Structure formats: C-alpha cells, structure tokens
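**Q** Could you slot chain B onto chain A? The hints should help.
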Amino acid sequence: MAQERTLQTVVHRINARAWGIATGLVCGLGLLIATNVLVIKGGPYVGAHLGLLATYFPGYSVTFVGSLIGFVYAFVLGYLLGRVIGTVYDWLVDRTR
Amino acid sequence: MTRWRPISRNRLRELDGPAHYMPATSRHGETPGSPVPGPHGEEPVADGVEVRLAFAPLHKGAFGAAIGATAALLVLALTAFHLILEPGAPNLELLAVYFRGYTVSWRGAFIGAAWAFGVGFVGGWFFAFCRNLAIAISIFITRTKAELGETAEFLDHI
Numbered sequence: 001m002a003q004e005r006t007l008q009t010v011v012h013r014i015n016a017r018a019w020g021i022a023t024g025l026v027c028g029l030g031l032l033i034a035t036n037v038l039v040i041k042g043g044p045y046v047g048a049h050l051g052l053l054a055t056y057f058p059g060y061s062v063t064f065v066g067s068l069i070g071f072v073y074a075f076v077l078g079y080l081l082g083r084v085i086g087t088v089y090d091w092l093v094d095r096t097r
Numbered sequence: 001m002t003r004w005r006p007i008s009r010n011r012l013r014e015l016d017g018p019a020h021y022m023p024a025t026s027r028h029g030e031t032p033g034s035p036v037p038g039p040h041g042e043e044p045v046a047d048g049v050e051v052r053l054a055f056a057p058l059h060k061g062a063f064g065a066a067i068g069a070t071a072a073l074l075v076l077a078l079t080a081f082h083l084i085l086e087p088g089a090p091n092l093e094l095l096a097v098y099f100r101g102y103t104v105s106w107r108g109a110f111i112g113a114a115w116a117f118g119v120g121f122v123g124g125w126f127f128a129f130c131r132n133l134a135i136a137i138s139i140f141i142t143r144t145k146a147e148l149g150e151t152a153e154f155l156d157h158i
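Chains A and B supply the protein sequences, listed in that same order. So the first sequence is numbered by my numbering: it starts at 1 and just counts up by one. So the second sequence is numbered by my numbering: it starts at 1 and just counts up by one.
One chain only, chain B, in its complex shape:
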C-alpha cells in the first residue's frame, strides 16, 4: 500500500513559493505541467489531483448525522443514568425548555434523543459547511497569490 507522508504548512508554503516558477525552458528536463521537484531536489509531493483530494471537503450530511447521533446518545445516556442509578434529576428536566416533550422518563429519553439528533444534525451540517467554506476561501486566496506571483515579473520583460 502506498504510504502518504504528511506535509507541514511551512513546507507547503516553501513548495508554493517563487522557487517553483518554471519558465518554458525546463531546468531538469521537465515539461510544462509535469510535477516539479522540491527546492532541495526531493520527489514531488503532490500533483493536481492529490492536492484537490488533500483539501477534500467534509461530507456535510455524514458529519451532521455523526454529531446528531452522538448528541442523541448523550441525552439517552444521561437520562438513563438518572432513571437507573440516580432517580430524581430536577436540573435535567430543564432540557424541556428547548426540547419540547422531554421528561426524565424512558419515553422522554427517546423524545430528547430525537430532538438532540435534530439539533446535532443541523449544528454538524452547519459546522461542515463553514469548514468547507473556509477551506475553499483559503484555497482561492492561495491560488490567487500564486497566480499573481507567477506574473510578478511580467513588466520586467516589456
């Protein structure tokens, strides 16, 4: 199986810098568009497809469902704890303010779990959305900077 080595942010920046600008005439026999070795002659770390995959977005639905399931499990476990081990939980009843129909009972535990799943799903979905948006913006900024960096010498050639 292929092993993928992790790459630090500094190393990425190093690879992204002007050292990687490759004019039409090749330095080491590469053709334009081929993977470029690192500044110290290392193997190329990533090509276009790999970079795209490395910044793969979170699956919003799956993440929302994962957070929702965990929240539901937590509410179920907390309620069950009070029903089995420590009867009488006046403070846990306060959840009914947000989760209509919730009570510290077995029926209420499942109602609370359903609410928690819903709230967790929305929260998780939104978190994944924000995370994906942040990644997309950072990629856009990095790409724009790289493109501007590549054309920085344009005026020198006129």
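This is chain A alone, in the form it adopts within the complex:
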C-alpha cells in the first residue's frame, strides 16, 4: 500500500525539468529550422516577418548565425514555459488528489 502510494506520487506528477528541456528543444529547434529554411530558400526579402522576433530576441536575425542566437533564446523561453506548465500541473494534481 505504501509502495502504491509512492508510485502514485511519482507517476501522477510530471517532471517539470524534463518538460522544460523538452519544450525548450521544441521551441529552439523549431526556430532554428524555420530560420534556416528561409535562409536556404533565399529571395529579395528573406524572413521579413520572422525577423520581427528581433524585437524580443536582441541579436536575432534571419541568417545562419542569427538562427543559432535564436535557438538559445527560444530554448530558454521554452524551458521557462515548460517549467511553468510542469509546476502548475503538479501543484493542481497535488491539490485535487
């Protein structure tokens, strides 16, 4: 019974850090790929809209180097969001149990 309770505590919660890393990687890689797809496609106005992210991510631009800088920013932002999701979820699950 005690073991069951322990397992329940472990399983019904989600790992906030793992969620942070997962969402961070999704955001970071998403931005990296999106930027580099636009860079490879080329054209007269490369990433006119995606470039607006520079308002929030200083140093970011629609270039290869900018995609790396954007990856770091997006990873950090995604990590924080994932961490918040994990923490709020765990808190609510603990309260409802």
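Derived from the structure by calculation, the hints contain no laboratory data.
Mimicking DMTMM-like on lysine to aspartate or glutamate, the simulated pairs with C-alpha atoms at most 20 Å apart in a straight line are: (1) K60(B) / D94(A); (2) K145(B) / D156(B); (3) K60(B) / D90(A).
The structure displayed is predicted, hence computed values, not measured ones.
**A** Frame of chain A, contents of chain B only:
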C-alpha cells in the same frame, strides 16, 4: 523511500513476450497470478497495480489549466514588455483578430490573458484527452496481442 527503476520499451516487449507464458505447472514454484521473474531471472519489474499506475492518464483539467496559465502569463508578459520597455507594438495589436477586446494596454493585457487562458485550457484539455486516448488504445492493442499470444498454442493441444 522505494526507488523505481525506469523500464525501456524494448525491455517491456521482452517481458511481455511468450517467454512469460506460464503454464499451470509452475517453473520456479510460482502460483498462477504471482509476479513472474524476467527471462534472465531478475526481480519482477511490475505487477498489475504498478502497470496500471505506470500508464496513468494525464489529469485533463489540471493539464488544461497549466497550459492556460502559461499562455495567459505569456500574453501578459509580452504586453507588459511593450508597455514598459518598447512602446508601440503594431504587430501585437493583431492578436485582437482572435482575442476580441485585446489592445496593447494594461486593461487589454488582462483581457488578452483571460482569452489566452481560455484558449490554452481548451487546447491543453484536448491534448491530454488525445494523449490518454492514444495510451488507452496502445494498452488495448498490447493486451489483445498478449492474449492472442497466450492462446496461440491452443490448436496444438487438440
């Protein structure tokens, strides 16, 4: 405190395979229904209750609320960023297309946060629902396969 070791998908498959079929006559003195050791004589990894808990569904309401709260926080933070540090955000105003009543102002920030919470809650709830459904289907398939595997030799005994 009891430590639970993680189990890989391959290992689960290994444990789930025909090696675990146990006829009425016991191999190592187990009784039918008792936990079966692994193929290499390891401790049993999980019994019925533990397996059920290991596939525990996500709490849909809590997950929806968590996603909603995060989305609300994001909209609030983005709006506050423009109000405090970088006034004038013509592109952020476009959120009003989806979030009626949203403007880049403190009042609009809270309206946007409320909208974002609602949208995030619905999205999170639906995500948890789909995830739980996928898990339930995969458990059903695994269980059906195991049951079919157990009776595969049935005709040989006739």
